[in-house]
Amino acid sequence: MNQPNRVSGGLIDTARTLAFTFDGRRFQGYAGDTLASALLANGQRLVGRSFKYHRPRGIFSAGSEEPSALVELGCGAGREPNTRATTAELFDGLEAASQNYRGSLKYDLMAVSDLLAPFLPAGFYYKTFMWPAGFWEKYYEPFIRRAAGLGRLSGAADPDSYDKGFLHCDVLVIGGGPAGLAAARAAGRAGVRVILADEDFLMGGRLNAETYRVDDMAGSAWADVTCAELSAMDNVRLMRRTTVYGAFDHGIYGALERMTDHMASSDGKPRQVLWRIHAKQAILCAGATERSIAFGNNDRPGVMLAGAVRAYANRWGVAPGRRVAVFTNNDEGFRTANDLAAKGVEIAAIIDSRERADVAGPSGVEVVRGGRVVSTKGRAGIRGVVLSDGRQISADCLAVAGGCNPNVQLTCHQRGRPEWCDEIAAFVPGKLPAGMTVAGAAAGTLTLARVLAEGSRAADAAVREVGISPSPAAVAPRAEDEAAGRSAFLLVRESRGRVWLDLQNDVTVKDVKLALQEGFRSVEHVKRYTTLGMATDQGKTANVLALAVMSEEAGKTIAETGTTIFRPPYTPVAIGAFAGRSRGKAFHPTRLTPSHAWAEEQNAVFGEAGDWLRARWFARPDETHWRESVDREVRQTRASAGVCDVTTLGKIDVQGRDAVDFLNRVYANGFVTLPVGKVRYGLMLREDGFVFDDGTVARLGENHFVVTTTTANAVAVLRHLEFCRQCLWPGMDVHLVSATEQWAQYSVAGPNARALLRKIVDPAFDISNQAFAYMACGEITVCGGTRARLFRISFSGELAYEIAVPTRYGDALIRALMAAGEEFDVVAYGTEALGVMRIEKGHPAGSELNGQTSARGLGMGRMVSKKKDCIGNVLSERVEMNREDGLVLVGFSPVERERTLVSGAHFLAQGRPATTEADEGWMSAVAFSPTLGHGIGLGFIKGGHKRIGEVVRAVDPLRATEIDVEIVSPHFLDPEGERLRG
Amino acid sequence: MDEFRLAATTPDDGAARDFDGVAIRIRANRGVVSVAAPRGGEAALADALRSAFALAVPEMGGSTVSADGKARLLGLQRDQFFLLIDDQGSEAFALVVEGLGETAYLTDQSDSWTMLAMSGAKCRTALERVCPIDLHPSTFPERSVTRTVMEHFGVIILREGPEHYQLMSATSSARSFLHVIETSIRNIL
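Chains as they are written, first to last, in this note's numbering: chain L, 1 to 982; chain G, 1 to 189.
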């Protein structure tokens with residue numbers, strides 16, 4: 001029969017039938033169902049196997065606290081394991097599967113682990129599988145991991161997309177139950193900006209699950225009317241399917257909105273959005289979670305929380321059983337029996353742990369006063385319960401009402417510790433995060449009229465906090481408080497069989513007792529030893545029961561025992577949601593140089609330099625190996641002319657009356673004597689005296705400089721200079737602006753560089769060697785009037801210039817340079833050739849300026865001017881940084897010329913072992929020099945120049961290479977600098 | 001020289017995309033000049049801005065607009081403004097040099113920033129996905145401007161009208177940024 005457990009009523013649309021599958025079997029449910037309500041409607045009680053003992057498990061709750069009914073949703077790459085059936089919204093075509101078994105769900109081969117339970121207590125893996133030691137990683141651990149666990153990951157890349165976002169409000173209301181709706185209504189009417197977020201797809205919380213009345217209408221109808229009012233307000237944003245999962249600093253809350261999880265297809269839209277909500281005030285109305293009572297075999301399918309049983313009956317029109325027994329320590333058990341009886345469900349008995357109560361159950365139903373359930377009967381679902389007097393009562397569902405735990409989780413996210421409240425026998429919020437208040441059941445207020453009033457009051461207070469007067473129209477909704485007699489009875493001592501505390505991690509009373517017996521006293525230690533509360537539900541239904549057991553065993557009260565605290569997230573959040581769009585190419589911005597389009601046309605091979613894409617080399621069709629391209633680019637540049645895009649180097653515009661003084665303070669070398677129209681190399685130290693960055697400083701005017709930085713440090717240097725300007729010397733008249741993006745800059749190098757540029761630079765500007773000597777700079781025009789800057793600087797060691805035009809002309813300029821250079825057989829060269837030429841010339845770059853090297857070590861010790869002070873000057877004088885035998889940059893050539901050098905190799909003297917103690921330095925950069933015809937390298941070695949001519953070993957144990965190298969000058973080419981001055 | 005005349009290109013020059021409720025345009029020809037006030041020269045600069053461009057000095061986080069609507073001054077930090085001049089491209093710099101002379105330290109930024117104009121009723125909803133700034137009119141009214149970060153991109157956001165924003169991001173990554181904004185729009189439609 002279709003949906004045999006349906007009863008009348010409920011907030012479902014029976015006109016809309018939805019088809020779904022569970023373990024391949026076809027079922028039907030209705031719009032408004034969750035997977036759990038639809039499974040129960042179809043009589044499917046067994047829905048999974050437990051984590052450790054493979055015990056049959058069913059649906060325990062009706063919300064996000066669910067520890068048992070974890071299923072896999074979807075199929076293929078999009079399959080998502082460990083999803084709560086109780087929160088999965090049913091849709092047409094939903095595919096669900098049970099998890100953690102071998103064979104079939106009903107006859108799980110791994111259920112043998114349940115028989116072995118006596119040998120698998122808490123922490124068993126700390127004590128067994130110890131021998132032989134090598135077996136742990138290889139055999140034991142993989143076996144245990146296979147045997148235990150929950151669902152399976154697909155192993156494929158997540159096919160869904162995710163997004164993130166930012167929201168801002170005056171008042172964030174967390175939870176859309178009675179307190180939350182009352183609060184949002186009051187705040188909304190006051191006119192402040194409100195966000196109301198609720199994890200459910202239907203706002204109303206317990207109003208939808210109970211038979212309450214508010215303002216003379218059904219509670220669910222009141223919720224509906226209130227939502228309609230809120231939706232119509234411009235200042236209120238209702239967020240359904242949105243879990244506020246964390247409370248962070250400065251009033252920032254993390255929230256996960258499930259956008260398409262309830263649809264068969266995302267249609268290319270993000271599946272979930274992770275919001276960061278900035279709230280001036282937050283009202284936590286997260287409600288309370290019902291807890292169970294600990295008794296024997298309390299984990300069998302059919303044992304459910306009483307509040308969940310009412311929710312299935314009232315909200316979803318589902319009877320979780322045909323004949324339901326109720327085990328309660330408070331008045332809610334009676335409400336459960338009454339609600340079910342009203343739906344025509346047979347009540348087997350009400351077993352009340354109390355000797356008396358002021359409430360009545362359905363007429364004719366037996367009430368067992370002072371009753372105890374000591375065990376259940378059945379295997380894949382209960383058939384009956386056993387009472388302490390030995391009586392057996394047949395039932396296919398046991399509704400357990402153990403009282404309520406306020407959902408204090410978010411109050412703990414900034415180290416707030418909940419406090420025990422005897423009145424409700426539960427923890428209530430302790431110290432709250434700044435700007436947060438708590439209202440309703442989350443605050444320990446457990447009856448409806450008081451909850452509604454408290455929600456309204458909290459909103460009024462929050463509204464006042466943001467400087468607005470509360471709305472007089474915002475009177476609290478009218479309702480009556482329900483019967484709320486309760487007791488703190490949580491553990492049936494006479495229990496038979498194992499008594500489960502944590503259903504998700506399979507932790508029993510025996511495990512907690514064992515932990516105490518083994519000396520674990522702190523609640524935090526017991527948690528970690530037993531794994532109690534460490535599953536994805538963070539022990540929402542388990543913790544207080546376990547604390548009751550611990551307290552009793554230790555002879556303390558629960559208040560004395562204390563509790564563990566909660567951390568974000570409140571419920572699990574997919575890693576994909578945290579990543580958002582940051583996947584693949586969207587992981588970081590891609591920066592393109594002005595010549596990028598042209599370089600693509602030239603068959604350039606690109607490499608990443610930070611976010612930049614730079615041409616590494618330009619392969620010609622006949623070239624089959626990158627070295628052929630690079631060697632050609634170097635040879636042709638050195639023989640005639642080459643052009644390279646150097647736009648990526650950082651450029652900072654420095655202006656002001658104190659600009660030169662400022663530069664003097666941030667650079668190790670001096671700039672007072674630098675004339676207008678000249679460039680000087682600059683070396684920047686960190687405060688600790690090590691080299692930070694290098695570059696050039698061009699003086700374009702008396703008070704105007706352009707500083708260049710390495711590509712990698714463009715941002716870091718600007719940040720450092722701004723820090724100096726704003727924090728160290730705020731009185732200076734100096735201003736900084738990045739100009740990196742403003743100018744397209746090309747290096748034009750080689751003996752014919754000047755001849756080439758003469759075809760580009762407008763004739764009004766004399767660039768002869770006399771008029772525009774080495775290290776000159778100036779503002780010029782090119783190509784008939786386009787503004788440009790020209791710098792005569794050389795990284796390659798050749799006669800070279802860097803020419804810059806506003807970026808929008810960059811593409812045109814590279815084409816013009818290549819066209820003008822045709823007669824000189826000009827070549828475009830990439831970063832590889834650039835690297836080869838700088839190594840040939842002995843210029844340090846990123847691998848030498850690695851943050852561990854000093855000016856002295858780079859052979860530039862004399863640049864640290866002692867005539868002035870600068871950042872890093874004093875600490876660069878430390879003895880250790882000035883040792884005679886300290887590391888110094890020199891060159892290295894292989895003794896056997898045909899051998900290829902390896903960067904990262906360490907230097908060892910002949911005959912010394914490859915140990916840290918014998919280490920004498922490292923090779924920082926290597927290249928094949930087409931100019932010299934063999935490999936060359938730069939590196940740091942103790943003693944440096946004094947050892948020129950010595951042969952040492954370059955050893956790289958990682959790549960198993962060892963090469964004899966001769967220590968040589970780092971200047972392999974033109975050591976006198978005649979070429980660049982030519 | 002003259003045989004190699006240089007033509008200007010900008011990333012996705014003039015690109016226009018229209019979505020339901022949001023339109024985006026790359027605004028190619030708006031000049032940008034960084035204007036820094038010399039210490040003690042703030043009043044002289046204010047005078048020069050008024051006489052040359054009919055612009056008042058804005059508060060930090062605000063902007064002022066000339067009467068003809070062609071010049072805007074963005075108050076980005078205590079002593080630095082960005083002067084935006086419509087339809088002048090990289091010629092704007094010369095205009096500003098001429099107008100302000102020695103009263104300010106000027107740096108051309110026209111090619112540094114790519115300007116994305118975003119307008120339409122769904123702008124704010126789309127920007128919620130990337131913009132950490134609260135764009136509600138009560139906190140970010142018209143003419144507000146601020147620097148922020150969107151998906152790792154440094155961005156200057158200016159509110160030019162009720163539902164009209166200008167997003168300035170680095171030219172080199174303009175294509176990536178356009179993708180970010182388009183994704184934000186597609187994700188909300």
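Wrong hints could be hidden among the right ones.
[As the list claims (entries may be wrong)] Cut-off 25 Å, straight-line C-alpha distance, at most; resulting in silico cross-link-like pairs (BS3-like, lysine-lysine): (1) G:122 - L:269; (2) G:122 - L:164; (3) L:127 - L:377; (4) L:585 - L:269.
These aren't lab readings, by the way, just hints derived from the structure by calculation.
Being a predicted model, the structure only gives us computed values, none of them experimental.
Cross-check of the supplied hints:
1. With a C-alpha separation of about 16 Å, the suggested pairing of residue 122 of chain G with residue 269 of chain L holds against the 25 Å cut-off.
2. Of the supplied pair hints, the one linking residue 122 of chain G and residue 164 of chain L holds, its CA atoms being roughly 17 Å apart against a limit of 25 Å.
3. Proposed proximity of residue 127 of chain L and residue 377 of chain L is contradicted: the alpha carbons are some 33 Å apart, above 25 Å.
4. With a C-alpha separation of about 18 Å, the suggested pairing of residue 585 of chain L with residue 269 of chain L holds against the 25 Å cut-off.
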